[in-house]
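Residue numbers (our numbering), protein chains in the order written: chain A, 226 to 359; chain B, 226 to 359; chain C, 226 to 359; chain D, 226 to 359; chain E, 226 to 359; chain F, 226 to 359.
By construction, these hints were calculated from the structure, which means they are not laboratory data.
Just so you know, even glycine gets a beta-carbon here, dropped at the ideal spot from N, CA and C.
Hints should not be assumed to be uniformly reliable.
Not everything, but these chain C residues come out facing chain E in the computed CB check (under 7 Å) [stated by the list, open to error]:
1) A311
2) G349
3) T351
4) C354
Protein chains: 6
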Amino acid sequence: MFSLTVRGHMMIAHSLPDPFFGPAQSLHGATYVTEVTFSRPDLDEHGVVLDIGAATSYLEEVLGSLRYRNLDEHPDLLGMVTTTEAMARYVAEAVATRLQHAQPDHGIRQVHVVLRERPDAWAGYTLGCSDAGA
Amino acid sequence: MFSLTVRGHMMIAHSLPDPFFGPAQSLHGATYVTEVTFSRPDLDEHGVVLDIGAATSYLEEVLGSLRYRNLDEHPDLLGMVTTTEAMARYVAEAVATRLQHAQPDHGIRQVHVVLRERPDAWAGYTLGCSDAGA
Amino acid sequence: MFSLTVRGHMMIAHSLPDPFFGPAQSLHGATYVTEVTFSRPDLDEHGVVLDIGAATSYLEEVLGSLRYRNLDEHPDLLGMVTTTEAMARYVAEAVATRLQHAQPDHGIRQVHVVLRERPDAWAGYTLGCSDAGA
Amino acid sequence: MFSLTVRGHMMIAHSLPDPFFGPAQSLHGATYVTEVTFSRPDLDEHGVVLDIGAATSYLEEVLGSLRYRNLDEHPDLLGMVTTTEAMARYVAEAVATRLQHAQPDHGIRQVHVVLRERPDAWAGYTLGCSDAGA
Amino acid sequence: MFSLTVRGHMMIAHSLPDPFFGPAQSLHGATYVTEVTFSRPDLDEHGVVLDIGAATSYLEEVLGSLRYRNLDEHPDLLGMVTTTEAMARYVAEAVATRLQHAQPDHGIRQVHVVLRERPDAWAGYTLGCSDAGA
Amino acid sequence: MFSLTVRGHMMIAHSLPDPFFGPAQSLHGATYVTEVTFSRPDLDEHGVVLDIGAATSYLEEVLGSLRYRNLDEHPDLLGMVTTTEAMARYVAEAVATRLQHAQPDHGIRQVHVVLRERPDAWAGYTLGCSDAGA
């Protein structure tokens with residue numbers, strides 16, 4: 226199995242409105258360093274998993290829609306508790322959607338996202354693309 | 226699959242009493258930067274893999290029992306060759322035991338531990354929790 | 226010259242209400258990974274720059290007063306544009322004040338703070354303690 | 226499952242002669258920070274995945290044959306487009322071959338290689354050793 | 226003293242044609258992770274050392290003129306032995322020239338550049354701007 | 226001013242026999258990731274601060290004399306409290322002595338050592354070489 230990872234980041238505000246989260250219930254923020262890994266069993270005709278420029282643009286489009294925002298008021302996230310885990314899934318699905326739309330025959334089998342919220346804690350989500358093209 | 230990782234460290238002395246280990250047979254030490262990753266297929270009712278405070282406390286309890294110790298004289302490790310690989314398993318099992326005891330219905334399927342002993346070498350152990358609650 | 230550095234972090238929300246800051250005018254947030262370096266020309270009677278536990282507690286007290294907060298509403302920061310540079314100075318001065326109060330004879334000549342806001346950007350502030358004890 | 230990872234690096238020149246690669250068609254270069262992870266379900270008689278000295282020497286032999294070279298003129302790579310993904314496979318296979326030759330009963334089930342080409346991008350390849358000894 | 230650092234990178238080929246450099250005499254390459262730190266004694270009217278967008282654009286212009294190039298054939302570097310130290314000076318001077326041209330009243334007193342060529346080695350150059358504006 | 230930094234590490238055991246150090250009074254250990262920075266105002270005739278191979282060998286000789294040892298029993302350190310700060314000075318002085326012996330006309334003005342003992346704490350020592358050759 227081959228993989229390609231690209232990394233970006235977003236700086237956002239949010240709150241976690243559930244007593245479970247203690248002090249993180251109040252409005253605070255994070256720099257989410259975001260890694261997306263695309264995997265496939267063989268390389269494409271150019272000898273890559275995916276064009277690295279395209280991979281970066283899919284990630285940057287998603288991060289650009291969240292960056293410098295208060296997630297509590299983001300129209301796509303209304304009613305969602307924006308934990309790091311939940312945001313990892315959101316980013317994975319949004320990146321996979323852009324990939325599927327732009328390159329229906331992409332051959333990617335898995336999209337894995339890691340969101341690093343601080344040096345000592347991070348969360349991830351793995352999205353299978355078993356129905357993907359190729 | 227979702228994952229949550231927390232990181233800590235311990236500074237310990239030990240020796241590896243087997244000629245196989247060359248100079249590491251003598252008493253020396255290490256800072257083990259320790260990462261524990263908990264995985265599960267879906268999120269709990271709070272939208273997380275595990276309460277990050279609980280995850281940190283399970284790890285810190287285990288690291289606290291080893292930190293600033295000579296592992297050669299640690300009662301839980303008597304007769305064990307404390308290689309990085311073996312210590313990764315020890316930490317994974319000890320963390321999983323604490324998790325299982327404190328939250329029998331935790332839903333975690335896997336506990337993965339990485340012990341980084343220096344910038345250019347690290348070891349890991351993956352523990353399945355297939356019989357775990359939920 | 227000797228130095229000791231301890232590192233912590235804080236996750237905060239804020240806005241930068243000046244058209245100069247473009248999209249960062251809106252409410253967003255950051256994980257500020259925060260390093261404080263204490264320097265002095267010789268070591269104390271214990272052979273250290275400063276008790277590492279004390280150094281950590283000074284930093285953690287300051288970070289604890291900011292962590293999980295919206296800096297726009299923090300009483301100590303009213304009217305201040307909380308740029309990374311300005312926050313580096315705030316942390317340096319607050320840490321130095323705690324040090325001076327707890328250990329008037331500390332012998333520290335300089336407190337240097339770095340706030341890392343994302344992998345590709347950080348800011349620092351160096352505070353001289355020329356009038357400090359010792 | 227246990228794992229052991231060792232890390233090295235190589236500094237090479239190469240070009241990617243396909244219009245698909247845009248500016249990377251011209252002769253340029255990279256520092257490839259290279260991680261090799263060996264995995265097996267149980268530990269050997271010394272309590273390790275593999276002798277860390279042997280693991281390092283397999284990796285260094287492979288990196289040493291590439292380091293300070295122009296990959297476009299390397300006899301082992303003629304006609305190959307040396308993308309990061311392709312080089313990850315080359316390193317994995319070359320390391321596995323050395324392992325297999327030196328220790329036919331190695332018990333390793335998987336060799337995973339990551340090549341980090343810059344802070345924000347890296348590629349990987351996972352090689353199964355299902356037919357390996359033990 | 227306040228400082229602001231921005232980071233970028235460039236992937237280049239070059240050779241060091243002097244027997245002193247041993248195997249690095251042959252054509253090889255590097256990923257130079259490049260940090261530029263701007264320092265000044267006080268903040269500007271916006272509460273920053275320098276507009277972070279401008280700082281990034283000065284660095285990116287310089288890196289963009291070198292990226293994906295063979296430095297041995299770069300017109301600005303003819304006859305220069307492109308050691309990491311020498312390239313650190315080149316980048317510092319080129320960034321300072323762009324700063325001086327775009328913002329003659331910049332108030333920056335020092336430009337410090339670090340070029341990281343691999344995890345275990347890096348070089349730096351500090352350029353005083355004592356004659357700079359403000 | 227130009228600088229060159231090389232990095233290595235050592236894994237050692239030691240104790241800090243002073244009640245001031247709390248739990249670190251007992252025998253424990255550390256991986257000290259060790260960076261040495263050499264500085265000089267101009268480059269030598271090869272366009273470098275120092276031959277990187279020589280710089281690495283000075284550092285490795287010093288680390289090699291400490292690595293896999295119990296510092297409490299090391300003949301060069303008898304009676305010394307081996308705090309991170311004190312070890313930073315020891316390494317700086319030992320590296321500078323080797324440099325001075327091997328290259329009396331080295332032109333280096335300063336040797337700066339950082340010892341990283343864990344991700345969140347490190348110490349440094351700066352040694353002036355004002356009387357050094359050239």
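- request: Taking the numbered hints from earlier one at a time, note which ones the structure violates and give those numbers from smallest to largest.
  value: 4
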